[in-house]
Amino acid sequence: MLVFTRKLDEAIIIGDGIEVRVLRIGKDGVRIGVTAAATVPVHRREVYDQIRAANAGAAADPKSLNQIAARLRGAALTPAGQKS
Amino acid sequence: MTPLSVTNVVINFDEGLPGFESVRRFVIAASPALEPFTLVQSADGAEPSFLAIEPRLIDPSYASPLAESDMLRLGAEPKTPLLWLVLISMQPDGGATVNLKAPLVINPTTMRGLQLLVPHSQYPIDHPLPSV
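Protein chains in written order, with this note's numbering: chain A, 1 to 84; chain B, 1 to 132.
Incorrect hints may appear among the rest.
Covered, in the sense of this in silico footprint (three residues per stretch, anywhere, with C-beta under 8 Å from a C-beta of chain A), are these stretches of chain B [what the hints assert, rightly or not]: (1) 12 to 23; (2) 29 to 42; (3) 48 to 55.
Hints in this document: simulated from the structure, not taken from any laboratory. Glycine is no exception: its CB is placed at the ideal position from the N, C-alpha and C atoms.
Make a model of the complete structure from these sequences and hints.
The following block contains the structure:
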């Protein structure tokens, strides 16, 4: 890992178009500003990891999907409290 | 909501999905055997496969905000019809949950899709599907 010491309002550049700047240094955290092309996705690590775990849990054996769909059918269209 | 007819088409997910970053193309397939669910299956290998459903079938008022950057990545205009799908997870107890927090958003016009990561979503990652 590349490690830098940055002061308030100092920045680093990644590649030719991504800037990461220290906007505020507080007691409980550091506020970071990321400047990148709008098409570059930027995510909070913990959110990304949470979705990654959820996706891993959602991946299913394709052979079992018809069976699962049959089992779940109807349930999904009947939200709790709105039994039809 | 007008259902979009998006079946058996290959959609490009330029960033992959978290956890499956190397898979960039997914087949979106519907069939009578699966209804009302949709199959989301890797077109770049055997894995992964998901069962998905349109979130408004779960919550009719479902809406997650799309940022301008998301629209750009989808190649979508404000009026472009988009397909929303949320992934289903089977639970060990036989029940199932849906990830309303991170929906797949697909633009059938450009064949581009992404998984929306909303940091402070009002929706849970594990909304239970009522059991039958």
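These are the hints, each one checked on the structure:
A count of 5 residues in the region 12 to 23 of chain B with a Cβ less than 8 Å from any Cβ of chain A is obtained; the coverage claim is therefore met, three being the minimum. Under the rule that three or more residues need a Cβ within less than 8 Å of chain A, the assignment of the region 29 to 42 of chain B holds, with 7 such residues. Evaluation of the coverage hint for the region 48 to 55 of chain B: fulfilled, as 5 residues show C-beta separations to chain A shorter than 8 Å, against a requirement of three.
Violated hints: none; the structure is consistent with every hint.
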